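One line per chain: the protein sequences are A and B, in this order. Numbered by this note's numbering, the letters in the first sequence go through residues 3 to 239 in order. Numbered by this note's numbering, the letters in the second sequence go through residues 755 to 906 in order.
Treat the hints as calculated values from the structure; they're not laboratory data. Note that the structure is predicted; figures quoted are calculated from it, not measured. Hints are not guaranteed to be accurate.
Said to hold, decoys possible - Restraint-style ranges between C-beta atoms, simulated for each label pair:
(1) B:Gly789 x A:Gly83: 37 to 47 Å
(2) A:Ala79 x B:Gly804: 26 to 36 Å
(3) A:Thr72 x B:Ser894: 22 to 32 Å
(4) A:Val216 x B:Leu882: 28 to 38 Å
(5) B:Met755 x A:Thr72: 31 to 41 Å
(6) B:Thr810 x A:Ala79: 50 to 60 Å
(7) B:Asp787 x A:Gly83: 54 to 64 Å
(8) A:Leu178 x B:Glu877: 49 to 59 Å
(9) B:Ser894 x A:Asn23: 40 to 50 Å
(10) A:Arg137 x B:Gly804: 39 to 49 Å
(11) A:Gly87 x B:Thr813: 52 to 62 Å
(12) A:Asp140 x B:Pro868: 40 to 50 Å
(13) A:Asn177 x B:Gly779: 26 to 36 Å
We put the beta carbon where it would ideally sit given N, CA and C, even for glycine.
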Amino acid sequence: MKILSLDCATESATCAILDDNKVLGEITYNYKKQHSQILMPMIDELFNNTNMSISNIDAFVASKGPGSFTGLRIGMATIKGLSQGTKKPFVTVSTLDSLAYNLAYTGGIICPILDALRDNVYTALYTFENCELERISDYVNISINDLINMLSHKNCNITFVGAGVSKFKEKLIENLPKVIFAPAHLNLARATSLGELGLKLLSNGVADNLYSSVPIYLRKPQAEREYEDKMRQKKNE
Amino acid sequence: MEIIVTTVEETYNIGELIGSLVNSGDIICLIGDLGTGKTHLTKGIAKGLGIDDHITSPTFTIVNEYTGRLRLYHFDVYRVNDPEEIEAIGFDEYIFSDGVSVIEWANYIQELIPPNNLTITIEKDLELGDNYRKITITYSDKRYDYIKGIKL
């Protein structure tokens with residue numbers, strides 16, 4: 003099965019074509035958010051240089067987030083369009099999953115973080131059990147301080163990966179005992195990683211529904227925001 | 755800081771002066787009743803940023819994007835019923851970006867506006883003339899100190 007995989011959830015604009023056992027090509031730009039302009043030319047180039055066309059693709063993989071709202075919509079709309087037009091299935095995978103999968107077989111806890119702005123991060127926790135990636139928390143949008151509190155009782159190495167790392171690196175080093183950071187070449191969302199996870203799902207017959215599949219935006223719950231407003235108003239009084 | 759203007763052109767000129775000085779990441783809140791000149795001021799800001807496109811109020815589109823010396827995100831949140839609606843379009847990604855954000859009716863979404871903003875309030879006083887406007891500019895972050903240099 004050949005798949006086209008796409009991830010625009012972060013600054014990284016990345017697409018790849020994968021076969022069952024082989025990555026045939028990947029193009030990734032991790033430079034400013036210009037997804038709407040470069041994505042289609044990237045896909046086109048990928049097809050040209052692998053001597054393929056859209057008709058060779060059996061299924062599609064897109065990021066379902068969390069991440070940049072605009073980016074998620076660009077990626078999801080593109081994949082949905084291609085899927086509907088070619089009548090081939092698609093499946094969505096979280097960019098957090100794919101970032102954790104970048105660090106295959108790392109011991110301890112893997113913690114991908116993406117900047118959710120206002121000192122918040124999108125994150126989830128992962129481990130590798132018998133060489134299988136396992137998510138051991140929900141996908142959450144929490145403040146960096148809450149994440150540090152959550153991790154402070156963990157007694158193993160914690161490896162951070164993702165676009166949010168650079169912003170919070172010093173804070174994480176200061177506040178947590180055993181932290182490790184992914185090297186730059188593994189620290190960005192890659193369509194190959196997302197694609198491989200998607201391929202596993204597709205091979206097991208898992209696919210998303212064209213009409214009901216939506217990105218996970220992970221906004222803070224209304225109650226929490228109202229509480230924060232109240233606190234802020236109190237402070238201003 | 756207060757500036758009194760008596761014509762639409764003067765409002766535009768103030769905008770142009772501001773636009774020539776704004777920096778990457780600036781957030782400008784425009785507050786004032788209908789017809790006070792918020793969009794005219796924005797047109798000036800765009801001109802000052804070197805944007806020659808025709809600027810129209812994004813009342814229905816919520817945000818319009820332009821490219822000049824810096825990117826300009828022009829918001830009009832008049833029609834937004836609930837701040838949550840605007841948050842859902844990815845508001846934070848715009849205002850915390852490298853561009854300049856101008857937000858008309860920013861008072862409608864106060865809870866989403868970060869403290870390091872430049873607030874421009876435009877008020878009419880019909881007793882002093884149909885086109886009399888008092889423009890009040892306030893800020894707390896010294897990144898906006900360039901405003902002190904603005905004169906009609």
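How the hints compare with the structure:
1. B:Gly789 x A:Gly83: 37 to 47 Å: holds, 42 Å
2. A:Ala79 x B:Gly804: 26 to 36 Å: The hinted range 26 to 36 Å holds for Ala79 of chain A and Gly804 of chain B, with Cβ atoms some 32 Å apart.
3. A:Thr72 x B:Ser894: 22 to 32 Å: Holds - the Cβ-Cβ distance for Thr72 of chain A and Ser894 of chain B, about 29 Å, lies within 22 to 32 Å.
4. A:Val216 x B:Leu882: 28 to 38 Å: violated, 53 Å
5. B:Met755 x A:Thr72: 31 to 41 Å: This hint holds: roughly 35 Å between Cβ atoms.
6. B:Thr810 x A:Ala79: 50 to 60 Å: violated, 25 Å
7. B:Asp787 x A:Gly83: 54 to 64 Å: violated, 43 Å
8. A:Leu178 x B:Glu877: 49 to 59 Å: holds, 51 Å
9. B:Ser894 x A:Asn23: 40 to 50 Å: Hint violated: Cβ distance 59 Å, outside 40 to 50 Å.
10. A:Arg137 x B:Gly804: 39 to 49 Å: holds, 48 Å
11. A:Gly87 x B:Thr813: 52 to 62 Å: violated, 34 Å
12. A:Asp140 x B:Pro868: 40 to 50 Å: About 28 Å separates the Cβ atoms of Asp140 of chain A and Pro868 of chain B, which means 40 to 50 Å is violated.
13. A:Asn177 x B:Gly779: 26 to 36 Å: holds, 27 Å
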